[in-house]
Each structure stands twice: as C-alpha cells, then as structure tokens.
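Heads up: the protein sequence lines correspond to chains U and D, in order. Quick note, my numbering runs 186 ahead of the 1-based positions in the first sequence. Quick note, my numbering runs 186 ahead of the 1-based positions in the second sequence.
The set of hints was computed from the structure by calculation and includes no laboratory data. Wrong hints could be hidden among the right ones.
Put simply, identical chains are the same to the list, so a pair is met inside one copy or across any two.
[To be verified] The calculated SDA-like cross-link candidates involving lysine to any residue, where the alpha carbons are at most 20 Å apart (straight line), are:
| no. | residue 1 | residue 2 |
| --- | --- | --- |
| 1 | K332 | G215 |
| 2 | K341 | A492 |
| 3 | K191 | G312 |
| 4 | K444 | R213 |
| 5 | K332 | R508 |
| 6 | K341 | L217 |
| 7 | K444 | L217 |
Protein chains: 2
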Amino acid sequence: MSFGKAVKIGMLGMGTVGGGVAQIIERNGELLAGKTDINLTLQRVLVRDPSRRRAVDLPPQTYTTDPDVVIRDPAISVVVELMGGIEPARTLISAALKENKDVVTANKDLMAQHGRELLQLARRCGRNIYYEASAGGGIPLVRPLKHCLVANRIKCIIGIINGTTNYILTRMSCDDMDFQEALARAQKLGFAEADPSSDIEGRDAAYKLAILAGIAFNCPVDPGELSIEGIKNVTRADIHYARELGYTIKLLAIGEEKPGGLVLRVHPALVSLAHPLASVHDEFNALFIEGDLIGEAMFYGRGAGALPTASAVVADIIDAVRSYERADKGLYANNLGKTKLLPVSVLNSRFYVRFLAQDRPGVFGALATVFGDEGVSLDMIIQKRKKNGIAEIVLVTHDVSEERFNRSLEKALRLPSIQPDAGVFRVLA
Amino acid sequence: MSFGKAVKIGMLGMGTVGGGVAQIIERNGELLAGKTDINLTLQRVLVRDPSRRRAVDLPPQTYTTDPDVVIRDPAISVVVELMGGIEPARTLISAALKENKDVVTANKDLMAQHGRELLQLARRCGRNIYYEASAGGGIPLVRPLKHCLVANRIKCIIGIINGTTNYILTRMSCDDMDFQEALARAQKLGFAEADPSSDIEGRDAAYKLAILAGIAFNCPVDPGELSIEGIKNVTRADIHYARELGYTIKLLAIGEEKPGGLVLRVHPALVSLAHPLASVHDEFNALFIEGDLIGEAMFYGRGAGALPTASAVVADIIDAVRSYERADKGLYANNLGKTKLLPVSVLNSRFYVRFLAQDRPGVFGALATVFGDEGVSLDMIIQKRKKNGIAEIVLVTHDVSEERFNRSLEKALRLPSIQPDAGVFRVLA
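If we strip away everything but chain U, and leave its shape as in the complex, we get (with noise of 0.2 Å):
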C-alpha cells in the first residue's frame, strides 16, 4: 500500500469485532485505500493478554493493558471502542474525548442508557461519536436514518433487529418446531447465548430501538420506559393459525410518532405475508420505515456477526477520519433533551386472540356477543375442534383501543366455557 493519508486508530477490545476490524484493515486495506485514499494502521490495542494468539497478529507492540496508552497517544485520531458493556467503555470513550479523539462504537447497551449524555459531551469536545454498529450490526441503519432521509419526517420504524428470536420464530414457522426446539437449535448455531434471556424477552430488540427511534426521531430515548414483551408466549398453535389467516408472527420493534408524543414497544405480532417484513427470515434483520417524503423503504441485512458488525466499524472509522458531521458543526445535536413517551395504551390495534372452549353449543355466540357489546367487531374467525370435548377458536379484530380491547377479553375470559388463558398478539396494520 503505498498511497493515501495514513491513519493510526486505537482500539479497545480485542474481541470477536475486533478481531473483525484487525482482519478487514489486514484483508481489504488496499481496497479500501483505494476508495477512499485512507490507508488504516491499528497502531494501538488495549486486551486483557497481550500474550494470546490471535487469528490477526500484529505487532507485538500494538497491545497493551494500559487503556491510557491508547486514549493518550497524539498520533491516534480515532478511538474505536469494542469492549461492550457500560463500564469502563463508558469513561474510558469519554476521556478519549477529552483527548480530542472521534470515538466509533459498536456498544448498543452504552449507546442506550447513556448515548445522549455522550453526545453532549462530544459536542463540548467538539468531536463525534459514530456508532453504526450498535444497532443492526453491519446493516447500514444509522447513515440512512440519519443522512439519506434526512430530510423527511419518520412516521414509524419498525425492525425485526433480533437476530435470535426471528431465527427462532423462523424454525418454528418453517420447520415447525415449538419454542424449546427451536431455542435449542439457535444456541447450537451460535445464534443464540447460554443465556439467551436478553433477546427472547425483547431487551435486546429494545435497546436497539432505543437508539433507532433517537435517530429517526431525532430525539434522545430512554430505554428503560420502552413497553417490552418477549416471544415466549408465542406457540405453535399460534403460527399455524397466522398462516392459515394469511400471516406470519415476527417479533416487531416499533417507533411511531403520535400526537403528543412518541409510543416504542417491542412485542411478537402478526405480520401480513404481504408485508415486505415477512420475508425476513432466519437470523437476518431488517427496518421498515415510513418517511413523509420516500413512502415506505425497508434496509435488510444481517444483523450480527463479527465481519458484518466490523463492515460498519469501518465505515464508521472513514467517516471519523473525514470528521464527517464533526459535533464542532453543531450538527445533530440541537435535540438532546427528554422525550415524551406515551404509553402503549394510546395506540389503536387489530388483535389477535385464542381461546380455547369448551365445545358446546353456544360457546362461540357467547363470545362473540362479549366482543359485540364492547363495540369490538371482528374481523376474521376460525373455530376448529380438537379432542376431548375442547374447541379452539381464534379471532381477529378490527382497529380497536387497547383499553376497549383489553376490557372485552376480561369479560371473554371469565365466560364458564373459555379457558382462563388464551393466546393475545397485536396485528400489524
């Protein structure tokens, strides 16, 4: 490589991305000098054990243990920060910009819970922090938001953005296997953890939209006051019944803007066969996004991995060498007070509901007229036989308030002939 302006990074974390970023710069660095005339140098790395092997090496002088080595060198311009977790990613990205370092990041917990207040601070530094790869991994999500439709007003984002969980559904719905399965399948994979309770519960999906929504609406969110329902109540049953009504269950993150205010949730729905989020299969993700201007756009790629994530740390880097929307222009950054959310309650739906019954004549007129005498009318109904005397029956509402919604199924569920569960999703419009 002998052309371009030399560029010497800093790198915290030597892990499964950074292990990604170090290959790339090894593998594609002519390419990318090439496109860019940016010729990229891991001068510094902060691990654990400088001693271990590495599927890259590079040399031995590069690593320390020292994380001030790497935040305080004059010849490092940008920070990439690879560690996870809030602490001490979180004070080390701040001195690093205190040090007059760009920072990229792939850490989607700290951009959550405290990307605002590290915004703030790159501004008064007067550099920025690029974080593509915390949200969809190498998916552009962030640039497109941010730059490509800068100009419209986002109506709502909707993401399938967990990898584990649609791999999942995915086998349920392909393979028809039921949740353990399925759950047992992805952690054999490597698509799911040991403890996979972060993705299967939605938390995951949430901070990832937590970070979306900010962009989208420009506006800091916190996550922790998102509505949150994982997919564990989602069975078989289920996805067979969605099939049969011309749906499939996808675990669904979603930013509207209301009157008022914002409503983000993540919670299993059904999705139209037709909807263009319906083909998102197996590990992969994508966001659907309705702007004023550009109608309906949709970016689907994989969400993880460490090449994929390490493509977007990349592109980060470029951008922070071509101080690319460097907060010293003010840019970005006008918004960063506290943003209203309003409740799930606020939102009109379709549900989704099964019931099981007893199956005797009756049962079904019943609960219909419950329904009926709430003013919630129905849409679509299916009512089959199984054994023993039980019957199931699934029903589809029209546009309903959650609160309406919610008061009728009380009443539906202290019928003497309804089970005292059934099985509640929302439909996507």
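Add chain D to chain U, keeping to what the hints say.
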C-alpha cells in the same frame, strides 16, 4: 426558522423533482434545520417560463431564464441540476464546477454516460458531484454502497431498478394480465410513459446499473457495453410455470466481479420465491448486494416519484454543504480509468426453457436426449397437454455455460416435433 447556517441553493430546472425540492424546503425546512443546523433557501431557479404558476410559490426574483444568473451567483455554493437529458445539463454542470460550486444531480442519463468525465472535472475543480437521486429515486443506494459498505469487496449487485417493468410483471403475475393489458394499466396510473420503450427494453435499468456498478466496483462503466434484454418475451404462461416451480419472473440488473473483469447485464430472470427480491412488488425497487464482509443485504423502496426523488436530492444538498467527500480530498476518485467488461457468455447459468411440441410418443425423450448429449443436466421438468395435439414442455437446467446451453437449445429447436420458438430465461442462482 431562527437557527442554523443559512445556505443558498441554485437550481436548474423546476419540473416534477424540482417542484418536490421546493416543497420539501417549504414544508420540512424547519425539521431539516433542527436535524442539521442548515437552513436552505432556493436563491435562484432556472425555468423556461418565470410567469408560470407553480405549486410552491417562490419570490418572483428567484426565477430566471438565464443559467448564468444561477451558476455565477457568488452567494450560491451548491447548484442542483434537475433538467434531465445530456445537454444543456452537461455544459451547465461543468460550468458550475468551474465556478467553484458543488453539484447535486438526479440526471441518470448524464451520470451513466458522462459521469466519469464530470467526476474528473469535479476533482480538478476541487469540488464534488452528488448523484444519489440518479439511480433508485428515494432509496438510499449510492451512499450505502459508497460509504456504509466501503470496507467490502462487493461480489455482486442484483437490482430490481425499473418500476415500470416491475409493475407490469407484478400485474401479470398477481392479476393474471397479459403484457399489453398490464402495460396499459401502468400507463393509466403514470407508472409507464406514453413511449415506454426505454423501460420495457431495459435501457433505463442498464443506465442505473452502470451508475451503481461504477460505485460498487469502484470503476466507471460504459452503459453502451452492457448486455440488455427487456421483458417483451415474458408471457403469462412463463409466469405460471415459474410459479409452479417456486419462482417469480423479475427484470434484473446484475453486476458481478469475475476473474478478469465485470459482467453487467439486464434481463428477465426467474427468482426463487424464497429470495428477498421475490417480494419486491408493484412499482417498488430494490437492490440486493453481496459483500465479502456483510454477506447479503438489500435496500428496498420507491425508485421514482417527485417527493422520494427530491428527498434524495435534499440529502445530497446537505452532504454538499458539509463538503462531505469533497473531491479535493481525492476521495473515490482514484479509479477513473476504463473498466473491462466481460460478455455474459463467460457465465454459467441455470436456464428455464418452455417449448411447444407435438404431443406424440417419444417427443420428450428426443428433447431430453439432445440436452443430455450436450452434457446439459436437467433439474426440473413439467410437461402438460394443451389443445389440438400440442404439449407444453418446461425444462430448468442445472448450471451450464451459455455456449453449451445455446448449442443444445439450437439442436432442440431443430427437432421435427418442436415448434421453432421457445421461451428462454435465466434462473437466478
């Protein structure tokens, strides 16, 4: 609007897209300033008839019939070209660059045919040309390819990048229309022009492919050298058989890097219903990308229309104001030589063929033998009886070289029981 940096824009042309830009600045100007700290004003606009009433009323002194008034105004830093066509757009863009303005353009024909020379000129002038809107309308394609995926070696791009033909093929597929009926419908709805030949014959897609491939593979491409085939030969029968085999038919624009050069082509092809491109319906567009790092990704949205396209133009204006990727930094300008294009015949493909044959014993055997003798192995076969002693035979081959396939097809068409024309399409691997 009381905050933000005031930026004065010059615009050449005020047709559909230009009107959209004016509308966006009027309607979303404040939103835009809130996101970017940049306050846009249309300072000078070149029009044919300044007295004409328009949807957005700019102050009368804004309009001029003299391009020099726009290009030479020292208050203007960015010139937006929305006239379309080669001349006078080419001359005016060159003049604007020489006057030290950055240029934003939505001009597909110009960027496809003269992009190389204009980008070279921009570099010499220390300015840049932004052309997101020239391919893919409102869908972010140029930026993601250039910036987000900058670290990737792009293996291939596969686009549905012509809305007219995708609308027609969707109607043929979903509503069982024939080509003429679907075209008439597209024309009625404004998705096809009175003279639809550039769309139908694939030239529009080829121009867009030339632009996108130039970015993806980091080298300029001469659109005149592309292999192009339109959708006129796609029949309802082919669409039905494709569906029976698990495929849909789409007009694809494909760019691939092969040893020794690029292969660029536009043609209809069978796309597996499981492929993300299969669910791109109606007038929507999408670009599917395979990169060595990110794996598969797809960008989906509206490839045309006043506001989607103007949305991309305004995003480019913002980047121009920020001097992002300014040519004087030498970015993306290293590779302006001539690119070697390889003929489609270097590829191996799967082929779909539909024959009409005499419904007599031995006909299928003879046909299969011709292919077998040439070493073309068959993956899927359908034979159906039609009226009047005619049978329809559909074959899908395994991967085979174009040369070998064409030789066997020629022999097959010389068989006495086979009618002399056949429906032949490639199958997306």
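These are the hints, each one checked on the structure:
Taking the closest pair of Cα atoms, K332 and G215 come within 20 Å of each other only across two copies (16 Å); inside a single copy the shortest separation is 27 Å, beyond that limit. Taking identical chains as interchangeable, the C-alpha atoms of K341 and A492 lie at most 20 Å apart only when they sit on different chains, with a minimum of 19 Å there against 32 Å within one chain. Proximity of K191 to G312 under the C-alpha cut-off of 20 Å is restricted to the inter-copy arrangement: shortest distance 17 Å between copies versus 22 Å within a copy. In this homomeric assembly, K444 and R213 come within 20 Å of each other (Cα to Cα) only across copies, at 19 Å, whereas the closest approach inside a single copy is 47 Å.
In this assembly of identical chains, the alpha carbons of K332 and R508 lie at most 20 Å apart whether taken from the same copy (17 Å) or from different copies (14 Å). Proximity of K341 to L217 under the C-alpha cut-off of 20 Å is restricted to the inter-copy arrangement: shortest distance 13 Å between copies versus 38 Å within a copy. Taking the shortest Cα distances, K444 and L217 sit within 20 Å of each other only across copies (16 Å), while inside one copy they are farther apart (45 Å).
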